[in-house]
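Once you have looked at the hints, place chain E on chain V.
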Amino acid sequence: MVAIAIVKIRDLFAVTMLTGIYSLLAASLFVVLDAVDVALTEAAVGAGIMIILMLGTLALTTSKEKVHRKPQNALALVVVFITGAALIYGTLDMPHFGDPEAPAHTHLSPHFTQESVDEIGIPNMVTSVLASYRGIDTLGEAVVIYAAAVGVLLVLGSGAVRRRRKEKTDSGEAQS
Amino acid sequence: MNQYVVLRVVTKLMIPVILLYGLYIQFHGEYSPGGGFQAGIIFAAGFVIYSLIYGLDKAQDAISPEVAHVFAALGVLLYIVIGIASFFLGGNFLEYKVLLPDDHAGETFGIIGIELGVGITVATVALTLFYSFAGRERD
Chain V
1 MVAIAIVKIR DLFAVTMLTG IYSLLAASLF VVLDAVDVAL TEAAVGAGIM IILMLGTLAL
61 TTSKEKVHRK PQNALALVVV FITGAALIYG TLDMPHFGDP EAPAHTHLSP HFTQESVDEI
121 GIPNMVTSVL ASYRGIDTLG EAVVIYAAAV GVLLVLGSGA VRRRRKEKTD SGEAQS
Chain E
1 MNQYVVLRVV TKLMIPVILL YGLYIQFHGE YSPGGGFQAG IIFAAGFVIY SLIYGLDKAQ
61 DAISPEVAHV FAALGVLLYI VIGIASFFLG GNFLEYKVLL PDDHAGETFG IIGIELGVGI
121 TVATVALTLF YSFAGRERD
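Read top to bottom, the protein sequences are chains V and E. Each residue of the first sequence is one higher than the one before, counting from 1 in my numbering. Each residue of the second sequence is one higher than the one before, counting from 1 in my numbering.
Simulated from the structure, these hints should not be mistaken for laboratory data. Fair warning: there could be bad hints in the mix.
To be verified - Covered by chain E, per the in silico footprint, the following chain V stretches (three or more residues, Cβ under 8 Å):
| # | region |
| --- | --- |
| 1 | 40-49 |
| 2 | 55-62 |
| 3 | 127-139 |
| 4 | 147-153 |
Please read all numbers here as calculations on a predicted model, not as lab measurements. Heads up, the beta-carbon is just placed ideally off N, CA and C, and yes, glycines get one too.
Only chain V is shown next, with the shape it has when bound in the complex:
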């Protein structure tokens, strides 16, 4: 319901707030599913930092979405429907939700759940999978995050920050 509201509402400030609520709901859902690590991330990133960054962006731009009537393209609609139908058809081949015979549950999961404590020596399985078994994955994630910062600095430029520090004049806080 929140997601539908996010798609429908044109006021971007309200959309930002609704996104935060959506993240918080997702975090509670993860807690219910016993994925506390993911819930912590969702709450901190989705409901915390993301909202601040979005508000910062809104302060720089404007909080009203531009309304534009685009011409209806029947061909594009057909392509979208065919692709969506193909994707849904593809999910039919996947193992059922919670199926104990699924490949993931017969091969890797038992190994991780039963032997990771002996192999790695730390109690939190999530950390040992994340940091040890899939260390290179996590390295890639760290590099992606760093690349994001570099990209933002390239686009927005850190010069604005420095200039502002030097001037230190009027208007005080720039953030909303």
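Chain E in isolation, oriented as in the chain V frame:
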């Protein structure tokens, strides 16, 4: 926001707790939910709140944008250095158990090290993003 006394006082009380909680999540990640990503974001959130209440300049006096840039790179570097160290000590890339004589101690050492790298990177990247958005005037 200088005129809101309640906000200022409450923030002053809360920020040490937030930073401490971030560190707890960072270094307790092997035993309880948590790890570098979450800890970094929570740590950065402490600074974001500080700069929302006390102004961006005060926060940039604490951690300047230049320092944040350098530390973002250092975090990734720490991760890679641990990987290469285990490579040169006779294991595969990122095979931590060769780092220390005892297998488990080596694994724990390596995991804490890379989580620290991830935490530093995430915290400073989040701060960098916040600085570069909040530090600009509307064009």
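Tested hints:
1. 40-49: holds (count 6)
2. 55-62: holds (count 5)
3. 127-139: holds (count 9)
4. 147-153: holds (count 4)
Violated hints: none; the structure is consistent with every hint.
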